[in-house]
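Undergrad: Okay, here's what each chain looks like letter by letter:
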Amino acid sequence: MSLPLEYYLVLSALLFTIGVIGVLIRRNAIIIFMCIELMLNAANLAFVAFSRHLGQAEGQLFVFFVMAVAAAEVAIGLAIIVSVFKHRETINVDEVNSLKG
Amino acid sequence: MLLSLVIFLPLLGVIAIALLRGMGPSVVKGIAFVISLLTFVVSIGLYAGFDASIEDFQTDNELLYQKKAWITGLGISYHIGIDGISLWLILLTTFLTPVCILATWNSVEKGLSGFMMSLLALETGMLGVFCSLDLFLFFVFWESMLIPMYFLIGIWGGERRIYATIKFVLYTMAGSALMLVGILALYFQNGNSFDYTTLSGQFDHDSLLFLAFFIAFAIKVPLFPFHTWLPDAHVEAPTVGSVILAGVLLKMGTYGIIRFCLPLFPEAAKLHTPWIVTLAVIGIIYGALVAMVQPDLKKLVAYSSVSHLGFVVLGLFSQNHDAIQGSVLQMVNHGLSTGALFLLVGMIYERRHSRMIVDFGGLAKRMPIFAAIFLIVTLSSIGLPGLNGFVGEFMILLGSFVGGAFSKWYVVFATTGVILAAVYMLWMFQRVMFGKLDKTNEALPDLNSREIAVLVPILVFIVWIGVFPNTFLKPMETSVGKVVEKVQVVPNTPELGHVINHRDTKASLPIRNIENTKLIEEEAQTK
Amino acid sequence: MNPELIVFIIFGAVSIIGAIAVISFRHPIYSALSLIVTFFSQAGLFVLLGAHFVAAVQVIVYAGAIMVLFLFVIMLLNLGTLSAKGALTGKLKGVAIILGILLAVEGVYIAVRALNKTEVGSAEAADAAAALKDSPIDTYRIGELLFSDYLLPFEVTSLILLAALIGVIVLVKRDKQPEN
Amino acid sequence: MSLGLIIVLLISPLVGFLINGLFGKWLKGNEKLSGTIGALAVFISLICSIIAFVAINIDPAATLEGEDGFVYRWISGGKFSVDIGFHVDALTTVMLLVITGVGFLIHVYSIGYMHGDEGYTRYFAYLNLFVFAMLILVLGNNYLMMFVGWEGVGLCSYLLIGFWYEKQSATDAGKKAFIVNRIGDFGFLLGMFTLFAVFNSLDFTSIFSEAEAKSDVVVFGVNGLVLATMLLFVGAIGKSAQLPLYVWLPDAMEGPTPVSALIHAATMVTAGVYMIARSAVLYNLAGTGTVVAWIGVLTALFAAIIALKQNDIKRILAYSTVSQLGYMFVGVGIGAYASGIFHLVTHAFFKGLMFLTAGSVMHAMANELDIRKMGGLRNKLPITHATFLVGALAIAGAPFLSGFWSKDEILHSAWGNYKIIYIIGLATAFLTAFYMFRLIFVTFYGKSRVEPEVASHIHESPAVMWLPLVILAVPAALIGLLLGIGGHHSWFHHFTENVTGFKGEAPEGSAIPFMIISSIVGILGIAYAWTRYKERAPSDEPVNALQKLVANKFYVDEIYNTFIVQPIKNASHFLLWKLFDVGIIDGIVNGAAALIRVIGGLFRRLQTGVVQAYILSMVIGIVLFLAYYLFFAN
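Chains as they are written, first to last, in my numbering: chain P, 1 to 101; chain L, 1 to 527; chain S, 1 to 180; chain U, 1 to 634.
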């Protein structure tokens, strides 16, 4: 007797929300980045839960792809953070506001 | 196949120039001229293969018609063909382009290859618009022709070129956005197909659809009060930009009206006729009056276009065969006359670097050939019988007066445009050509042989259309007849009485006249 | 009590606590370490769900590679404790938390209520899935799918990784100093 | 009559025009050749005209109309079609003779007159083009072809008035002539539209044959024929310089004098008269002739009054032309078409003659135009004087000269139903005699007031100029006798009546009392002029307000300028262009752009550049969207 799907989905939603809040309240780019990873993981959890629920392997496959993309994203993102830091001596997102209209 | 060749030959020229532009300006000019001339020669083949007795598109002739699946999923096809209306506009385009290239031989200093490429790309766009039988294809060509025009004005234009370009592009875009909505609406009502030839019958919301198309075209025409982009664009555009703009681009508006607005939405067209015709008549008089007081030659010609195109719109909405045929002819006429005027203005601008009328005077003494040609073109623009302008104007006015779907007062007011045209053109001619020659203008050379070669072909057609207009009227007769047929689905104007003419066998139609109700009643009584 | 439920509660609780810790610590090092905890407990949940392959990859890629990268950068930039003042002033912070709670409520609502009304959440779907459970989703099956039906996405993934590789090199490359 | 003859007749001046126009550059050094080509071209036409005239005289049925005159289909639309085709009958041949006859003499005269002018070949090119256009006007077998010629002569008139284009006044006058004519053409165009609305054709044959059957067709709320004839008459008013559009003709005297003789006296300005005579059927049915006659007689009087106080030799002749054209309109207006045409013919000769003699005077006087600076020229210019006298006597209605016959016929015809017109006409005849002989006496008699440096150069014109004068003087004096003897029963009457399709009722009573009255009036006018201007020049200063008014031509030009021309110009400039076009329309367009810029400026504030602000708004969006989707949808 396995656990119902809802358990996992609720957990996934909570994790995701925590990630969102983190992105909103922290100003350190690296931590914001970590929160994004957190959200991705929450999604992965939902994927796997559905995969088991429906008995289909595709869910797990997508998790695999998500992870690959996340790895690439982290590499690029961190490189950007490094070079921003080199130029500005800060990684606080509110100080990096050259998008200001 | 021939038609595709005509459309895409200029594009081939663009590629050739792009590849060979390193070989120097003379090669670039040579390629551009030869290619455009070749396009013209090939397009004459269209006329040769044209069968004037077919009222519809020339679908039986493989040379003049082509349909290939393009994006099947969306019901889009590469579908081109011509009828008697588009034939002349295509020939006008292919004729004016080599003329323009020859005219601009020495006047472009920077970016010659870019200039020529823009010009040729523009030609492809314009030809595509006139040939497309697929709404999607039409829209693609319609929009694509904006880009080269944008460059032509924006890069090689005058001082306020950026303002003029943006104004031009935004005006047109505003219109084409509406048209896109209209096209999509037609698409869904036409069983998810963009095929023009399958469009028929009554459309939902046809009044709104009509307006969506009409406003797009009215801006292009330009119909008063959508005209203020025109003077700016003309003044800032380089000479050939103005020629193409006046000669062909404006015709795309009127062509759109006759191709889409009238046959697709006859009832809506009838519904909206009163205010459209009012605007057209206002445009005729207003354009003429404002042209009269312009200090700048190009602006004067630009406002005169507003006036002339008013006649065309008036004729198009008359629901009368003669007037519509006159309108189509007048499109060609205006392209030739106004094109020639812009060329002439460009030629003195190159010499004197001024377009202000006050800077000139007495040029006839120094430049007799120029003055003679200018006079002929001016007279053609005024509508002197024996030259082209008259035939079109006369047919429009006569047709609208006799069988127009609106009050005769409109025609009476429109006819005052004939007086005003003489006023502003002759006054301008007097101030530029007559009087004492100014010191600064004494050294101006008369036209050289290249410039004469540019203008003479136009003059030939100006006289030709004036003296033998039937060469041009015959091929379009049945096609115009088809449009009239569709427009007249809505019973509005009883058919005109019979033509009494000793060349025709006596027609035996009953005598009917709009206001000739008395006779009709009598006829009924005798029966 | 169902042993599975117990395991789920443990892992779930740990991952939530870890997540909250990530966004609470001031020092990024602590945040990073908390994130590792969350990742590990998630791997546990994957095992619980029978997704052994994913669990392994989670540990290797996330907890291993990615987190090492994070720590590496934090060390490299020598980021000390950062002031707690967020980008958003206190009021907006409250707004953000309220929003987050609303979002959580909505998410839970979807998970618990809304899903049942859909095709995926229906009883029939569950029954059909139960029939499929005879063939468990093991690494063998994933590999089979990956190299047959999903070969193209798989190859594209490798391209993405390659692009990322090049991108990183370009981004962090030191500009050539003009020689005086 | 063969079509070929007419085509040769028509094409010959066109060829002359093309040779002189296109190869003018090479002909420039050879005035003789250029002039000869021009004159020869018209001479060929003259020969053809004579052949045509004789042919119709021998056999009245030898006309060219309908199918026979067809050349090619010009324009054809759906319902509308019009041909290039010719219509030659008695009326046409009379016009042809006048055009080519007077035209030829004037070409010959011009060879001498234009000697040494820079635009010699250009002049002959224009003149030939004019003859060509005028021939189209009278030869066409439909109204549209008539209109082609109508506009064509207007164009040539424009070009020839402004021939000396460096003179501001000349180009102004040319422009004015064209534009005023265009106002008339506006009426002509609408007239044609109305005709087409009624008859569905512009062809003379079909219109005239159906006119009666369709005389009650209503167009535009009024009777179609009335409307059409009135509108066509507007065209005639413009072309033939009648009230109120006569203003261009006096100014047109800026052109070379032979041009004034040919275009602005003999041929073009009479086109309106020709048109009405041609449309006699319509005018009779519509009954609009009365309006024509009234406009005509008022113009005659009005122009004659103005002529009294003018001092410019050509302007006096110009006002005289306007006045005489008025007579012609009286003639065709009251239904005496043959008499109107008769006066047209005689007037063409004597007025052409007078203009040419005026040109001769100017030639002698170094282009002096002011008669106050002349006087006593009789002895120095004997031939000019003699020929001018013939012309003046003819116009004044001296017994048995041309004007006597033709004017008298018109007045006689008017007596029947239009007694007031008759009286005004008679008064005008008195004024005509008076101002013409005022001109003669002041110019040729009395003491010389010529400025000394000019006086020494005064000489009679060369033979190439005076010969045409003499040749022209003969018909100017005698043509009236030739054509007019027998009054309403004359040969000319019968000849032209066949055409108009309308037999003008011969007025009751004998013509002789009318002739006697006219003669007395004419002689009185001459006598009065003798008493006043025998010895003295006209005074410079107008004596009273009335004289001042007349001397200033009733200020008509000034009134037009102040109340029509300037207001339109100013309104166009300030109201339409500056205020409406640039201000309002462009203001709206630019305003829309500015509005968008302002709105953009407001939204710009939202772009804080802080990533988290963007995310926050995104999350708000997600929350709201989900909330709507989950709780409120359905």
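There's no promise every hint is true.
[Unchecked claim] Straight-line distance between alpha carbons at most 30 Å, and here's what the computed DSSO-like set of lysine-lysine pairs gives:
| id | chain 1 | residue 1 | chain 2 | residue 2 |
| --- | --- | --- | --- | --- |
| 1 | S | Lys93 | P | Lys86 |
| 2 | U | Lys553 | U | Lys373 |
| 3 | L | Lys365 | U | Lys25 |
| 4 | U | Lys214 | U | Lys309 |
| 5 | L | Lys408 | U | Lys214 |
| 6 | P | Lys100 | S | Lys173 |
| 7 | L | Lys408 | L | Lys270 |
| 8 | L | Lys436 | U | Lys167 |
| 9 | L | Lys365 | U | Lys167 |
| 10 | L | Lys436 | U | Lys25 |
Hints listed in this document are in silico derivations from the structure and should not be mistaken for laboratory results.
In this text, all values refer to a predicted model and were calculated from it rather than measured experimentally.
Undergrad: Given the hint that U/Lys214 pairs with U/Lys309, does the C-alpha gap stay at or below 30 Å?
TA: violated, 49 Å
Undergrad: Need the status of pair S/Lys93, P/Lys86: alpha-carbon distance at most 30 Å?
TA: holds, 29 Å
Undergrad: Tell me if the straight-line CA distance from P/Lys100 to S/Lys173 falls inside 30 Å.
TA: holds, 27 Å
Undergrad: Take a quick look at whether L/Lys365 and U/Lys167 sit within 30 Å of each other, Cα to Cα.
TA: Distance of about 12 Å is within 30 Å: holds.
Undergrad: Would the hint linking L/Lys408 and U/Lys214 be met if the CA-CA limit is 30 Å?
TA: holds, 20 Å
Undergrad: Hinted pair, alpha-carbon criterion (30 Å max): L/Lys365, U/Lys25. Please report holds or violated.
TA: Within the cut-off at roughly 13 Å; holds.
Undergrad: Within a Cα-Cα threshold of 30 Å, do L/Lys408 and L/Lys270 meet the stated pairing?
TA: holds, 16 Å
Undergrad: Under the criterion that the straight-line Cα-Cα distance not exceed 30 Å, is the pair L/Lys436, U/Lys25 satisfied?
TA: holds, 22 Å
Undergrad: Given the hint that L/Lys436 pairs with U/Lys167, does the C-alpha gap stay at or below 30 Å?
TA: holds, 7 Å
Undergrad: Keeping to a limit of 30 Å between CA atoms, is the pair of U/Lys553 and U/Lys373 held or broken?
TA: holds, 21 Å
In summary, the structure is inconsistent with hint 4 from the numbered list given earlier, while agreeing with all the others.
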